[in-house]
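Chemist: Which chain is which? The protein sequence lines are A and B, in order.
According to my numbering, the residues represented by the first sequence are 1 to 237, in order.
According to my numbering, the residues represented by the second sequence are 1 to 120, in order.
Some hints here could point you the wrong way.
Covered by chain A, per the in silico footprint, the following chain B stretches (three or more residues, Cβ under 8 Å) [unchecked claim]:
| id | region |
| --- | --- |
| 1 | 15 to 29 |
| 2 | 56 to 70 |
Derived DEER-like restraints, expressed as beta-carbon distance ranges [said to hold, decoys possible]:
| id | chain 1 | residue 1 | chain 2 | residue 2 | range |
| --- | --- | --- | --- | --- | --- |
| 3 | B | G38 | A | D160 | 46 to 52 Å |
| 4 | B | A11 | A | D160 | 17 to 23 Å |
| 5 | A | I5 | B | F50 | 33 to 39 Å |
Simulated from the structure, these hints should not be mistaken for laboratory data.
The structure displayed is predicted, hence computed values, not measured ones.
All residues carry an ideal CB built from backbone N, CA and C; glycine is no exception.
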Amino acid sequence: MAYGIESFNGSNKIQFGTTVLEGLTIVASSTAAPGGTVSGIDPTKEFLAFNRTTAGFIRGSHNASGTSWTAENNSSSNYGSINWMKVRIASQAGTQNTGYGINVFKSDGSISFSSNFSAGLDVKHVMEPGTLGSSQAQNPSPFTNTTAPMPADIGYTITDSTFANYYFAPGLQLFDVTESGGTVYGGIRQETFKFNSNYTIGVEGLFSYTLFFGYGSSRIRQRQTNASGILVLKKRG
Amino acid sequence: MAYGIQIKNAAGTITLDTTTRHANLLVSPATLSATTSGTATGSPALFEGFSSYIYAPGMTASNTADIQVHVMGIGTQGNSAGYQFLTEVTVMRINNNVRLKVRSYYQSTTFSYKVMVFRF
Chain A
1 MAYGIESFNG SNKIQFGTTV LEGLTIVASS TAAPGGTVSG IDPTKEFLAF NRTTAGFIRG
61 SHNASGTSWT AENNSSSNYG SINWMKVRIA SQAGTQNTGY GINVFKSDGS ISFSSNFSAG
121 LDVKHVMEPG TLGSSQAQNP SPFTNTTAPM PADIGYTITD STFANYYFAP GLQLFDVTES
181 GGTVYGGIRQ ETFKFNSNYT IGVEGLFSYT LFFGYGSSRI RQRQTNASGI LVLKKRG
Chain B
1 MAYGIQIKNA AGTITLDTTT RHANLLVSPA TLSATTSGTA TGSPALFEGF SSYIYAPGMT
61 ASNTADIQVH VMGIGTQGNS AGYQFLTEVT VMRINNNVRL KVRSYYQSTT FSYKVMVFRF
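I would like the entire structure built from these sequences, with the hints used as guidance.
Modeler: Structure below.
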């Protein structure tokens with residue numbers, strides 16, 4: 001480090017620094033009821049992360065442009081309401097120059113860390129694409145799985161014995177994007193999470209597409225590995 | 001707290017203490033694009049392409065506990081959802097750089113992904 005400030009935690013992992021690092025901060029959070037929508041997302045500088053406080057699933061879909069997200073419309077106990085938070089790159093989060101406390105800036109003047117952040121935000125883990133979930137066998141079994149148990153791989157184990165404050169960011173989740181002209185073409189992938197009562201988190205990809213040629217509008221879900229990376233975040237305080 | 005520094009915001013919420021593994025972006029969201037070839041390779045036979053490298057200082061092929069790569073979203077290819085079918089994305093790490101490998105049923109097609117790199 002040629003100049004500035006760096007801070008390391010008790011495990012000698014860096015927390016913030018002046019030279020190259022930039023933080024993330026939470027700019028909004030709430031709860032989406034089944035079928036509820038989170039709107040006003042700017043995919044160029046922010047993304048959503050999701051949590052639930054009881055065992056069950058997290059599933060939902062972004063629109064094609066990534067500017068809104070809708071929770072799966074299923075009110076059964078395994079689904080229900082989903083907690084969400086909007087995470088933004090700190091330099092795009094507006095001024096932190098009000099009030100009091102500590103700001104750390106990068107050499108380009110963008111902010112690396114601020115005690116004015118709404119809460120601390122730890123990155124606990126990053127899962128790379130294609131590393132989790134079970135690919136389904138070849139035809140015809142992919143056509144029968146919509147009600148089958150989700151096997152999933154365990155992507156993360158929460159050691160705090162509580163789901164509270166643990167959020168999972170799957171990037172875009174998209175199902176059945178409508179092409180111009182109103183015809184649904186092909187399909188799209190979605191990452192899905194299963195919170196288990198033993199505090200393990202299952203992760204799996206789903207591929208969805210609509211049948212053609214006389215099969216009506218039935219939609220198929222096929223299990224696959226995760227197509228996008230997944231962030232595991234913990235909100236502090 | 002036995003040692004170190006603890007910072008709270010005006011609401012009394014801890015924003016930093018000695019256990020924090022803060023969200024540090026080594027590479028802010030960057031777009032990596034890869035164009036698949038015209039000849040299928042591997043098993044299953046798919047069309048393969050590589051993105052350019054982005055600079056991630058300190059990265060090695062193996063230090064995944066210190067530097068981790070997040071590939072946001074499921075990629076875009078024009079506005080056609082169908083292109084997402086069975087597109088495999090792999091993170092490829094070397095010293096100080098990272099790129100993506102894409103394998104797809106679609107030849108000569110460009111796929112774009114947003115990538116963030118975290119350092120701990």
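Chemist: Each hint: holds or not?
Modeler: Hint check results:
1. 15 to 29: Held - the region 15 to 29 of chain B has 14 residues with a Cβ nearer than 8 Å to chain A, which meets the minimum of three.
2. 56 to 70: Three-residue rule met by the region 56 to 70 of chain B, so holds; n is 5.
3. B/G38 / A/D160: 46 to 52 Å: With a Cβ separation near 51 Å, B/G38 and A/D160 satisfy 46 to 52 Å, so the hint holds.
4. B/A11 / A/D160: 17 to 23 Å: Given range 17 to 23 Å: holds, Cβ gap about 22 Å.
5. A/I5 / B/F50: 33 to 39 Å: About 37 Å separates the Cβ atoms of A/I5 and B/F50, which means 33 to 39 Å holds.
Hint check: no violations occur; every hint is consistent with the structure.
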